[in-house]
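A.B. asks: Sequence lines, in order, name chains D, R, S, L, Z and C.
Every number in the numbering used here is 196 more than the matching position in the first sequence, counting from 1.
Every number in the numbering used here is 1304 more than the matching position in the second sequence, counting from 1.
Every number in the numbering used here is 1 more than the matching position in the third sequence, counting from 1.
Every number in the numbering used here is 1 more than the matching position in the fourth sequence, counting from 1.
Every number in the numbering used here is 6 more than the matching position in the fifth sequence, counting from 1.
Every number in the numbering used here is 6 more than the matching position in the sixth sequence, counting from 1.
No lab work stands behind these hints: they were computed from the structure.
Far from chain L, by Cβ distances over 12 Å, these chain R residues were calculated: (1) 1342; (2) 1346; (3) 1475; (4) 1506; (5) 1542.
Label pairs and their in silico Cβ distance ranges: (6) S/202 <-> R/1391: 20 to 30 Å; (7) R/1458 <-> C/115: 24 to 34 Å; (8) R/1455 <-> S/206: 25 to 35 Å.
Derived SDA-like pairs (lysine to any residue); straight-line CA-CA distance at most 20 Å: (9) Z/67 <-> S/89; (10) Z/67 <-> Z/31; (11) R/1552 <-> D/241.
We put the beta carbon where it would ideally sit given N, CA and C, even for glycine.
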Amino acid sequence: MIDFLQQGGYAGYVWSAFGMTFGLLLIEILQLRSSHRTTLTRIARLVRLRTPRRKPAAGAGQDSGAASAKP
Amino acid sequence: MTINWFKFASPAAFYPIAGRLIPWFGGIAAVLVLIALYWGFFETADRLGGSNPQKEYYRIIFVHVPAAWMSMWLYLVLAGWSAVGLVFNTRLSFMMAKAVAPTGAIFTFLALWTGALWGRPSWGTYWDWDPRLTSELLLFFLYIGYIALHSAIDDMRRADRAAALLAIVGLVMVPVIYLSINCPDPNQCAALHQRSDPGSIHPSILIPMLTMTLGLWSYSFAAVFARLRNIILSRESDNAWVRDVVAKEAV
Amino acid sequence: MLSVFYSVLARDILLALRRRTDVLTTLFFFIIVISLFPLGVGSEREQLQALGPGVVWVAALLASMLALERLFAADYDDGTLEQLLLTGQPLALLVLAKVLAHWLLTGLPLVLIAPLVAMQYHLEATAVWVMMAALAVGTPVLSLIGAIGAALTLGLRGGGILLSLLILPLYVPVLVYGAGAVTVSAIEIADTEPYFYLLGAFLLGALVLAPLAAAAALRISLE
Amino acid sequence: MLSVFYSVLARDILLALRRRTDVLTTLFFFIIVISLFPLGVGSEREQLQALGPGVVWVAALLASMLALERLFAADYDDGTLEQLLLTGQPLALLVLAKVLAHWLLTGLPLVLIAPLVAMQYHLEATAVWVMMAALAVGTPVLSLIGAIGAALTLGLRGGGILLSLLILPLYVPVLVYGAGAVTVSAIEIADTEPYFYLLGAFLLGALVLAPLAAAAALRISLE
Amino acid sequence: MLDVTDLACRRGDRQLFRSLSFQVPAQTLLHVRGRNGSGKTTLLRALCGLLRPDAGRIRWKGKSIRELAEDYNRDLLYFGHLNGIKADLTGLENLRIARTLDQDPVGDDAILDALARIGLEGFEDLPTRMLSQGQKKRVALTRLILSKAPLWILDEPFTALDVDAVDLLQQLIAEQVADGGSVVLTTHQEVPLTQGAIQRLTLDEADDETPVSGDDPARA
Amino acid sequence: MLDVTDLACRRGDRQLFRSLSFQVPAQTLLHVRGRNGSGKTTLLRALCGLLRPDAGRIRWKGKSIRELAEDYNRDLLYFGHLNGIKADLTGLENLRIARTLDQDPVGDDAILDALARIGLEGFEDLPTRMLSQGQKKRVALTRLILSKAPLWILDEPFTALDVDAVDLLQQLIAEQVADGGSVVLTTHQEVPLTQGAIQRLTLDEADDETPVSGDDPARA
Ligand code: HEM
Ligand SMILES: Nc1ncnc2c1ncn2[C@@H]1O[C@H](COP(=O)(O)OP(=O)(O)OP(=O)(O)O)[C@@H](O)[C@H]1O
Ligand SMILES: Nc1ncnc2c1ncn2[C@@H]1O[C@H](COP(=O)(O)OP(=O)(O)OP(=O)(O)O)[C@@H](O)[C@H]1O
Ligand SMILES: [Mg+2]
Ligand SMILES: [Mg+2]
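Same shape as in the complex, but just chain D:
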């Protein structure tokens, strides 16, 4: 086992090569996951914001909207 870990004295080179490779890929996977989640929540928030906002916007828009009444 120790022998294996030492890789004939080249542990530093071998493990940092493999470590960086699979580490970066792992980071990419995690990053993709988290950005998927944030995208979903962001859109969910957008949807939620848009639907109820319709009502107050229509109400509050009355005074400012009346001025720009459609021809």
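Using the hints provided, position chains R, S, L, Z and C with the ligands relative to the given structure of chain D.
C.D. replies: Only chains R, S, L, Z and C with the ligands this time, still in chain D's reference frame:
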């Protein structure tokens, strides 16, 4: 593969397909990578003799070469989808190109990193201005240029098209760049040619190397599709189907 | 057609002459960058001789790139570029005219000043001639390739430095053969021909493709 | 007072983070310029070792200068600079905040990346440490001096290249001592101290004088 | 005659308008109205071919403007938010170049006359950099006097102009319409027209669902 | 109270105005008028201290503005041809920074209210780059709602605004005057004011010899 991509050219149609494909590609990637790692570490000799004796550090080859190959292959994919996008004006192609870029850049970086770590014990230096290394470095710059240009423009359509054009210009230039650093002196070009045919490599090394390459290739599919899904979602966010998806997935 | 080409060319040269300092500034930038190196590196004769061609070419690359940043930007800011796009002329032709004007104003002076800076690096007479010839063939390629980058980065914040990121890697072939020709000429004469064939081929390729690509990039950027 | 300083600092950093690539771009420009030289000059180990410190410093100069171009220009173009001038705060303080933000975003990354590029030139470990230290002291001086030039060339056409003309000569002392420190450290250790004293003195002087000069230059440019 | 069918444009993630159809025949002025941010500039740039719409067709004399490309540009005069004049050149030089690029060079006398008409006598030889906001705009508007293009597309041409200049511009537009040309313009002011037809098009983003209002032609 | 005596300015080689004297007391609006190029912008920039006049004194509350320097700036709100907002920041961020720099930070709620009042509800979170011409101008004008400065200097604030926004701006100006502030503005439109005094100052370059016309105050 004679899939009619135009049938899937709508983001809405492709989103669920990509979602179903990801686990498959991910699974295959995991299996192949594990096989390659096992083989590479336990079924191959610790030392290489022959004309070019190497010790354990040659094992870096199992990640180095696949990473280098993937980096080049993904650039072709990137430029290809960019061209398709510019010619046919299909949104999905641009998204595909954009999704490929970060994965490609990561593999390019890995080729450089692992190459450097190999070079130190093998050549006694982390870095040398060898043509191959130099062209890999320039490829990295091309990827970074693509990503930088894309993110510097915030109008999506302009960003897509501008970056696509850059990718194609880069593709035209790559052979020229490669030629110029591979043979900086045209008078004696042939003498400098690099030997590198996979056939000269011992099968016990070649097989895990190729397995790893396939594994990483499969991984690239999974990663690119996952990123593509995110891009599709955020770009189509005001479409009804996205709302349905969000309602379903965001539980 | 030709009258339009000529008109854009004349316009850009006129504009540059209105601001004569601009032309001089590129030149001085080139000279200053070249003069900085001996300060940073030391002044041993042989070392400088070996460095000379490379440094001159890198300086030419940077000078050309810096000047390129303004190639379309000025026209973009004041809306004249929009008008150029709407002129009913092939855009690639107008781009070519602009690039030519740009090279006459920034590339050509570099070629002419080269002997002066070569002196600072103790280059031989033949090497100096080869350098001038190589610059004369190479710098138009730089301008042409750079035009694509300039068009792509139009109106972006931090455009200048983004431009360099996009363009400098593409400049590498010109740099390698341009500097290579000079280096080789110092060792054994008459063998520089292949370099010039290659540089010439780049020039032809760039002349044909770059204006088209730059025109496409402009349309994208103005959308 | 301090809240205003802090607010300008935060604003500029926020703006830069909005465009995260900008920060990275300066960095990559630095790396690319450094990588170009071996392509033009050839890749012999000893030659590269001798060249290294000079090239790194010249690249740092150019990167800092290029990034500086936008230091005030963006604010000038959209009229926010006018508003900064009319804020009822000492202008020099605001300038200092802007320069600090600029250094944090463009100078500091260069310092941190230096070891990587030093590798390409086969520099020794001690030389790398000295280089990082010298860059850490030297690059703020570059930003400070550059701010004066950026203020003076505000709104001038071809500002970028005119700026370099004004500023690069002023950068020479920093270049000479900065590169000198690294070169010396490669020969015999412990003799780099005087270099650092001088660089430190430059930094102090620039910290006191440059914001005042830049503020005055801004008022002139806006008139 | 400009013929627009089913046009749709989005900027960022907002749908500005869709299913927009209208025609601008000869001798007609189309006045595009709408609140700030309703998409007037976007529409005008799409009509010029500077911006690719998301859907819909724009035809000029029966042919798609994409296909006509440069031929369409020759028939078109666009005047945007930016003036499109070089600050370092004088008014005279600017106009001389503009005419050459339109492949219809005119003598300096004609340009000087036009500049005088627009009220810039005495300023012809100054770099336009040295002119005031309104004077710069006037230099740019001189192109209208010299132009023979049948289609004008003008984006808020009245801003920054003083009363005299506004009068003159209204007169120029009226002349263009009377001469058989078409004009598309946006402005927040009223445009009196003595001859020819005024159409009004109001872009209204308020209701997202219904298609944007069509044309309501009105004789002046 | 702004007090100007014997002011003279020249740009290039033209004398724009000289011996110009006037006062802008509290509760007063000074409407500077004049043809394009008559020197309105130049005058306003001189009043702000951005431009050094050739002759004459400008005093604020009895002291020269050169001496007051930053103290004067604190009492002043200038709105020029340029909007003075960062295109990469959102409206909210822009205003937050503007308030901090005036050393009078306000809460985000106040800013959001102000933005809503000016008709930008729903656009607070967009980088202003993505706004239309008129919307950008509105963001900049929101500073007027939030400002407590006694002196406003506004250079053509009405351009690019639609009818609603023009109304609102007129209302803001009227409020400022009613609250005891002073306003100097240029515009080619009329400014109705219900309370306080309107002064008009006409810059006329026509006759070079006689000093430029003085003030003709007129109650509205
Ligand atoms: C275009 C990208 C690259 C490809 C396709 C590639 C491919 C290969 C292959 C196939 C080998 C196997 C041995 C041989 O055939 O010579 C190899 C070896 C090697 N590579 Fe790379 N490589 C690339 C980039 C790099 C980079 C960027 C570095 C260093 C930073 C590097 C360093 C090495 C080293 C040190 C060896 C061992 C050579 C020896 O001692 O035999 N390579 N590479
Ligand atoms: N930078 C400059 N250099 C020289 N002269 C200038 C400069 N800027 C303006 N001028 C001159 O000063 C005069 C006044 O300009 P100013 O901008 O003050 O006019 P204005 O009254 O604001 O006009 P407008 O209604 O068009 O905005 C103009 O006639 C112009 O020729
Ligand atoms: N570059 C851009 N990126 C994203 N969205 C934009 C961009 N430019 C404009 N928009 C959006 O498009 C909408 C319409 O803009 P447009 O300039 O067409 O409006 P407009 O009708 O001309 O308004 P104005 O009267 O203010 O000039 C705006 O609401 C704005 O938010
Ligand atoms: Mg508009
Ligand atoms: Mg004005």
